[in-house]
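A.B. asks: Residue numbers (this note's numbering), protein chains in the order written: chain A, 177 to 1134; chain B, 7 to 124.
Calculated from the structure, these hints are not laboratory results. Quick caveat: nothing in here was measured; it's all calculated off a predicted structure. Mixed in with the good hints, there may be bad ones.
Simulated pairs of lysine to any residue, SDA-like, Cα-Cα distance not exceeding 25 angstroms [unchecked claim]:
(1) A:K1070 with B:G66
(2) A:K327 with A:L314
(3) A:K1070 with B:M64
(4) A:K854 with B:A100
(5) B:K65 with A:D907
(6) A:K956 with B:Y101
(7) A:K854 with B:N110
(8) A:K854 with B:P112
(9) A:K956 with B:G66
(10) A:K1070 with B:L63
(11) A:K854 with B:L102
Reference excerpt, derived from the structure (chain A facing chain B, CB under 10 angstroms, subset only) [said to hold, decoys possible]:
(12) D374
(13) M772
(14) A775
(15) T780
(16) R800
(17) S856
(18) A868
(19) L878
(20) A887
(21) N908
(22) V910
(23) L914
(24) D921
(25) I926
(26) T942
(27) L1101
All residues carry an ideal CB built from backbone N, CA and C; glycine is no exception.
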Amino acid sequence: MSLFLIVALPFLGALLPGLMNSAGRQACAGVTFMVSLLAMVGLLSHLPAVLAGEVLTARIAWLPLLGLNMNLMLDGLGFFFAALILGIGLLIIAYARFYLSRDDHMGEFFTYLLLFQGAMVGIVLSDNILLLLVFWELTSLSSFLLIGYWKHLPDGRQGARMALVVTGMGGLAMIAGMLILGQIAGSYDLSVILQHRDLIQADPLYLPALILILLGCFTKSAQFPFHFWLPHAMAAPTPVSAYLHSATMVKAGIFLMARLWPVLSGTPEWFMIVTTAGLVTMVLGAVIALFKHDLKALLAFSTVSHLGLITMLLGTGTAFGALAAMFHILNHATFKAALFMCAGIVDHAVHTRDIRRLGGLRRMMPITFVLATLGALSMAGVPLLNGFLSKEMMLEEALHTTLFGLPWLVPVLAVIGSLFSAAYCFRLIAHTFLGPEHRNHAAEPHDPGAGMWLPPAILIVPVVAIGVAPFLAEPFIKLVTDSVLGGAVEASNAHFKIWHGLVPALWLSILAVAGALVLLWLYAPALELWDRAPRPEAKAIFHRVIRWSVAAARAVMEPLHDGSFSRYGAIMALFTVAAGVYAWSTGTVAAPTREMQPAGAVATAGWAMLVAATISMVFLHRNRLLSLILIAIVGLMVSIGFVYLSAPDLAMTQITVEVVTIILLLLALNFLPNRTPKESGARRRAGDIVVALSAGLATMGLSWHFLLRDAVAPSLSGFHLENAHDGGGGDNVVNVILVDFRGFDTYGEIIVLGIAALLIYALTETLLGGRVRARLLNRKPDQPRAGDMHPTMMVVLTRVIMPVVLLIGFYIFLRGHNEPGGGFIAGLIVSIAVVMQYMASGFAWAAARQRYPYHGIIGAGVLVAGLTGIGSWFVGKPFLTSDFTYVRIPPFEKFELATAALFDLGVFLAVLGAVMLSLESFSRLARRAHEPESDHPMDVDPSRDDPPSAPAPARGEV
Amino acid sequence: MEFLVASAIGVLTAAGVYMVLRLRTFPVIMGMSLLTYAVNVFLFASGRLTIGAPPILMKGVESYTDPLPQALVLTAIVISFGMTAVVVMIALGAYLGADDDYVNDPPEVGAETGEDPR
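Please construct the entire structure, taking both the sequences and the accompanying hints into account.
C.D. replies: As structure tokens, then:
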């Protein structure tokens, strides 16, 4: 199976559980299981090649200029982790099926789980560090969703947020580190980076890169001092804890350290940082775990401790250390996931995870007892179980590691860590399953069904098998270690054996186990001592840090961003003017090349009206109705200006848009106050006037400047003028540009227009669906209503004129390609005709006679335009290539048929629909405000109002 | 002629900016409409001014005005209707929902000091 498919399968499959949710829990879990199984089978199909030492790759250039490529790589290390992720994933899915209760939304859970699984597989198979970062962030996000899965629990929400903050910050640091690394190596492909060990380690930026990348790894893998998020993430459902927080996600940091081991390790900096962090984490986690009473918290801190152990082993930078680390990853994943599942079983059966309230469960839950005991003994490092082997290797490695020049430091701390580790394992067994029975359980505890105990049992099999016969795992782990080492260091020739003879490591092991038994015997006094000791509360510190950052951010942001729109507007205007002045003063200014054209009396009169109306508006804008009239004058003068300056199409568009805009604003003014109160003081107004005048002078200067000079370079227009007739088949160049040369542009514009109209519709629906509705219904009009709402003269006139206007629209549409006109203008004209019906005869009357919803008209327009564009594909031309021909049907003159006309039809429909949908939405608000309207064809109808002599005629259409 | 167009653009911009800086939604919308005119005329003028030479191809006529800015401005006019309509709708919704038509946020009374741990 293609590597791409292995990564993509969980993502694609993530759609299924959500869809299958209504098909039942069994189907939901089943489909998730099948998806994972398929990916697992795909992975296993590469096993022979991986065992043969091959490195499989699959490459697709994604954004090659950025160095971001969809490159995947499968080697021993990647295979090892991918198999862990998918294999344990399968068991977790089976377990979760029985763990989740009927109240939990199973589809949601499995969707998140598959997203997480895909992201994890993506990390371990990435051959491109930028791609790896993408997957890395995806694991942070999906784990956030999984931890917070029980949304009703505040602990879950807080834990999820904390995990996201900590791992997200680490991820940010890591992005920076990875970018530095890629810059040093000259490529973002891992396979290239891994070849440049010497180059990278000699670079002055090695240390910053190392620290940034390690920040990412340490936060993800919960290393000191970032360990605190992991226990809080235990608020997640237990399958999530078992999967993310023991077996997979927290190992992502470890994986990355192993992946980059050949280039980053071996330096003193690496050794100091990684080994120290690992060692401290190991001891700290183990000590805290011993004194936790919540089963899952105990396991969480033990996970922290074991992750520290693995980190420390990787930090030593030796081949033996890497071998031990890989071996312990396998062992830890098996026994810890099993233990988490057992904790979940106990929780399910007894309804508590508090060890102080548990005890004596061995008789009631024998299966769970056996599984948990085997897992815990393995974790404690008891012989014949796999934990013993890797822990002994760790002690062996510790004996050969010298930190800070002190040869005894690492071994002593390692033994302390092991001692506490063994102690909490023994406590887990003794205080949960052994000892006297607690009779006050909420439920009668019993072993669960096979669905729940089988998954941990399957995991316990390798725990025992590897423990008894370590040579089974040896070849594979060595293969994995080889791909970690990447040839940087000579591979270790050590063997996995139960009995090495009476070596020092064995004595240390014995010491740790014996010490643990003593510690458990002294548990009560030790606990008292622990409870009395002062210790920092990580959660409180975390919240304090968050509070400080929020306060700091607010202190910077709030003065700058205070919600004052006027201020932003003024700043923007001034900044734009300043930028323009700067450009002007630093650029070169050419002499004028164009003559001023004479302005006739008409032009001057028009200009005077425009300026007068604009200035009056500034002074009289408090009367809102008056300002509408003034703005209409401005629009009219602009239209006339367009006519005068050789732009008939623009003039027609402007004047029709003007009509619908004024209607729209009138509708809005129906609800808004009629006057704007005087609020700003003289100083404020003076300031605004300065801003406004500077903006006005700047634009005037700029226009004046370029109007007197020719363009620096010839524009495209010459091409358009030359080709409009022969190439586009039309004489109206503006229309040909719209529907042909720049058709794609126009296509985008009508879509935008449609979206704007739909947005207005949606806002109207929201308003009418909310509390505003009651206010609208109870609203008292602030103006006296007209006595005759639908004057008969107007009704008759608009109805009679309608066909005429439609005909004009049709005519304008048809002639658009050769004469001024076209789809935009025709759409506006027809919408004015329709709006007139609404205005004259009332909303109810018009709405009752409207056959097609306006959304549909918008959609049809966009579709028609789009399909016209697609049509050119069938003749092998690019999207929206137009064609035309001349046809002659005998009695008529020769006429033209162009595909562009079809496109223009789409434009026409979209414009009509959009304008009408907007206006209709506004009037729907108004309609609710009044009493219901008559839906008779006419308000006044003698045949209806007179006493009937014959049966009243049926209500018909006009 | 050039001076008339340039000064018209300037006057429209100045009035538009002044109106946009008002405190209530309706004058702000009016100001945006004025700015729309200014911008459209400005864009149109970037094709330079020509009198009596519309870009409708005819036999025997050699000189036409620049059609490209016209095509761009034509769609801009229609889109500006859509924009005005959306802004008006938002203003209306805000007014009906909150019963005031200020464009600026009221000054905060007591800013919260930190994230609620819950």
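A.B. asks: Please work out if K854 (chain A) and L102 (chain B) have their alpha carbons no farther apart than 25 angstroms.
C.D. replies: Cα-Cα ~21 angstroms, so holds.
A.B. asks: Within a Cα-Cα threshold of 25 angstroms, do K854 (chain A) and A100 (chain B) meet the stated pairing?
C.D. replies: With a Cα-Cα distance of about 20 angstroms, the restraint between K854 (chain A) and A100 (chain B) holds, given a limit of 25 angstroms.
A.B. asks: Quick check on the hint: S856 (chain A) CB to chain B CB, less than 10 angstroms?
C.D. replies: This hint holds: S856 (chain A) lies near chain B, its Cβ roughly 6 angstroms from the closest one there, short of 10 angstroms.
A.B. asks: Using the nearest Cβ pair, does L878 (chain A) come within less than 10 angstroms of chain B?
C.D. replies: Nearest chain B Cβ about 8 angstroms off; hint holds.
A.B. asks: Taking 10 angstroms as the limit, does the beta-carbon of T780 (chain A) come near enough to a beta-carbon in chain B?
C.D. replies: 7 angstroms, holds
A.B. asks: Against chain B, run the beta carbon of A775 (chain A) and see if the smallest gap drops under 10 angstroms.
C.D. replies: 4 angstroms, holds
A.B. asks: Have a go at the A887 (chain A) hint: is there a Cβ in chain B nearer than 10 angstroms to its own Cβ?
C.D. replies: 8 angstroms, holds
A.B. asks: Would you check whether L914 (chain A) satisfies its interface hint, that is, whether its CB is within less than 10 angstroms of any CB in chain B?
C.D. replies: Hint holds; L914 (chain A) Cβ to chain B Cβ min 5 angstroms, cut 10 angstroms.
A.B. asks: Does N110 (chain B) lie within 25 angstroms of K854 (chain A) when you go C-alpha to C-alpha?
C.D. replies: 15 angstroms, holds
A.B. asks: Using 10 angstroms as the Cβ threshold, decide whether D374 (chain A) counts as touching chain B.
C.D. replies: At about 47 angstroms, which exceeds the 10 angstroms cut-off, the nearest Cβ of chain B leaves the hint on D374 (chain A) violated.
A.B. asks: Given N908 (chain A) was flagged as interface, is its beta-carbon under 10 angstroms from a beta-carbon of chain B?
C.D. replies: Check passed: Cβ of N908 (chain A) comes within 5 angstroms of chain B, closer than 10 angstroms.
A.B. asks: Would you mind confirming whether the straight-line C-alpha gap from K1070 (chain A) to L63 (chain B) stays at or under 25 angstroms?
C.D. replies: 18 angstroms, holds
The structure shown violates the earlier hints numbered 9 and 12.
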